[in-house]
Amino acid sequence: MPEKPKIAFYWCASCGGCEESVVDLAEDILMVADAVDIVFWPVAMDFKKTDVETMEDGSILATMLNGAIRTSEQEEMARLIRRKSKILIAYGSCAHMGGIPALANEFERSEILKYAYEDAPSVINSQHTYPEAVYQDKSRKITLPVFRNIVRTLDQVVDVDYYLPGCPPTPKLLKQAVLTLLSGKLPPKGTVLAPDSALCEECPRKESKPADLSFEHFTRPHMILSDPEKCLLAQGLICMGPATRAGCEALCINGNMPCSGCFGPTSRVKDQGAKILSSICSNIEAKTEIAIDRVLDEIPDPVGTFYRYGLAASMLRKKIAEEV
Amino acid sequence: MPEENINKKWEPKIIAFFCNWCTYTAADLAGVSRLKYAPNVKVIRLMCSGRVDPQFILQSLASGADGVLIGGCHPGDCHYSEGNYKMLRRFRLLQRVLRSMGVEDERVRLEWISASEGEKVKTVINEMVDTIRKLGPLGLPGKISVYDKDLAELKNEIDTEIEVDIKPSGKEMVEHA
Ligand code: SF4
Ligand code: SF4
Ligand code: FES
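Protein sequences appear in the order of chains A and B.
Counting in numbering that gives the first Met the number 0, the first sequence runs from 0 upward without gaps.
Counting in numbering that gives the first Met the number 0, the second sequence runs from 0 upward without gaps.
A hint or two may mislead.
In silico DSS-like pairs for lysine-lysine, Cα to Cα no more than 30 Å straight-line [said to hold, decoys possible]: (1) Lys318(A) / Lys148(B); (2) Lys286(A) / Lys41(B); (3) Lys286(A) / Lys119(B); (4) Lys269(A) / Lys142(B); (5) Lys148(B) / Lys113(A); (6) Lys188(A) / Lys142(B); (7) Lys142(B) / Lys318(A); (8) Lys12(B) / Lys269(A); (9) Lys140(A) / Lys148(B).
Here are the computed distance ranges between Cβ atoms for each label pair [as the list claims (entries may be wrong)]: (10) Asn19(B) / Ser207(A): 35 to 41 Å; (11) Arg98(B) / Ile141(A): 40 to 46 Å; (12) Lys7(B) / Leu250(A): 51 to 57 Å; (13) Ser62(B) / Glu2(A): 45 to 51 Å; (14) Ala320(A) / Lys35(B): 35 to 41 Å; (15) Met222(A) / Lys7(B): 52 to 58 Å; (16) Pro130(A) / Glu152(B): 16 to 22 Å.
Worth flagging that the hints you see were computed from the coordinates, not collected in a lab.
Idealized CB from N, CA, C, for every residue including glycine.
Let's have the full structure, built from the sequences with the hints guiding it.
Here it is as structure tokens:
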């Protein structure tokens, strides 16, 4: 019997949702389990790093790696896995574009550590104890991964072959990706394994999106009873649909929530936040600075809104500040 | 920033996006009239300030510009009627994003300069160069490369350049959108 292709899953700075999405394959997971050998999957199976180290280079057909890269340990594992895998897939928004963890790029490492180890209301740390990367206790040397000062996308650390977008990717896209891998008909390197069109194209509310949108006000989901049929942007809700890649089949819209952009931009857009900003601003009615600012005040957190999943992959990447 | 400070010859680098119908013509006029202004600005001509995609501004900063200047027709005078209002709104919102990302307001400036205002091109550019000189370099590429020094540490430990070419070649590609 010929050997089955080997597949691996790994996680870095992530919430576990991507792992969950693999399980969401439901009975299709049996199809996957039949067709491939899962050789490494820390969340579900007991493998150690040394198991991976002893594998032959390039012996894994494909690894789906989820999570952003924040620590030296994650960098190390990403490099190790890259070396062992023919194909490396950035799985989910965090590996693809930094995801939610990358919102921390609005802060310095020192600010984050200070909050986590001193200022957070639930923390009592009168001795000001902070984790050290290396701790020497007499003859014992204890080490911890280094917490870097920037959150990175996977492809800012190692070479990535494909991207499976989403927070998390849908089971349908995962299944398609596995079938593509098994078929051997590989798309060009760097392909995002989802349609290259804007979400609005596949949105069931597309028809109600006016050609000449015009905003007098913005609102937020908890502030209105939104019409469940009408384009959310037309109701003044910031919907990232026009600047976001299709492929999720408008999951959030079907839950009557605006798209927050987890699939990232299409291939023609480099900076998703700048794109939606540009598109929204063309349609604001106000023409004077004062009136414009009044409308813009209704978007309280522009970075968190426009770059919710993409700050690490954005052109600026991280807030500029001197390390304090 | 420390690295750039050693380099005493630092000069502000400013990218300017000028509308063909007004500010670009004004800059031409400034040239023909032999008005002297600082040589720190690289001008890119566009048909309208409404064509300035905020991505252009971010890309300029990310590629090493210290500032970006946008020049368009006065309100009401845009040849495509609404382009400059679009620019104004994008500018106001982009400023908010930039502020949260630690980029000082003065680094991105929007000015309405009509075709006959050669003098204004000169004043605005000189002022902006002065302001940015005081702020110092933005130096984004340098800042990122400081972070990337971390990555180099591991390079020698775990080599990812595998000899055999086992990565997908892309030749088997189906079709490309
Ligand atoms: S803006 Fe949002 S709600 Fe409107 S059509 Fe696009 S995806 Fe659908
Ligand atoms: S609607 Fe937007 S945020 Fe929601 S799953 Fe789709 S791409 Fe992601
Ligand atoms: S034509 Fe000059 S700003 Fe539009």
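Do the hints match the structure? See the list:
no.: 1; hint: Lys318(A) / Lys148(B); in the structure: 18 Å, holds
no.: 2; hint: Lys286(A) / Lys41(B); in the structure: 29 Å, holds
no.: 3; hint: Lys286(A) / Lys119(B); in the structure: 23 Å, holds
no.: 4; hint: Lys269(A) / Lys142(B); in the structure: 20 Å, holds
no.: 5; hint: Lys148(B) / Lys113(A); in the structure: 24 Å, holds
no.: 6; hint: Lys188(A) / Lys142(B); in the structure: 29 Å, holds
no.: 7; hint: Lys142(B) / Lys318(A); in the structure: 10 Å, holds
no.: 8; hint: Lys12(B) / Lys269(A); in the structure: 23 Å, holds
no.: 9; hint: Lys140(A) / Lys148(B); in the structure: 25 Å, holds
no.: 10; hint: Asn19(B) / Ser207(A): 35 to 41 Å; in the structure: 37 Å, holds
no.: 11; hint: Arg98(B) / Ile141(A): 40 to 46 Å; in the structure: 41 Å, holds
no.: 12; hint: Lys7(B) / Leu250(A): 51 to 57 Å; in the structure: 55 Å, holds
no.: 13; hint: Ser62(B) / Glu2(A): 45 to 51 Å; in the structure: 47 Å, holds
no.: 14; hint: Ala320(A) / Lys35(B): 35 to 41 Å; in the structure: 37 Å, holds
no.: 15; hint: Met222(A) / Lys7(B): 52 to 58 Å; in the structure: 54 Å, holds
no.: 16; hint: Pro130(A) / Glu152(B): 16 to 22 Å; in the structure: 19 Å, holds
In summary, the structure agrees with every hint in the numbered list given earlier.
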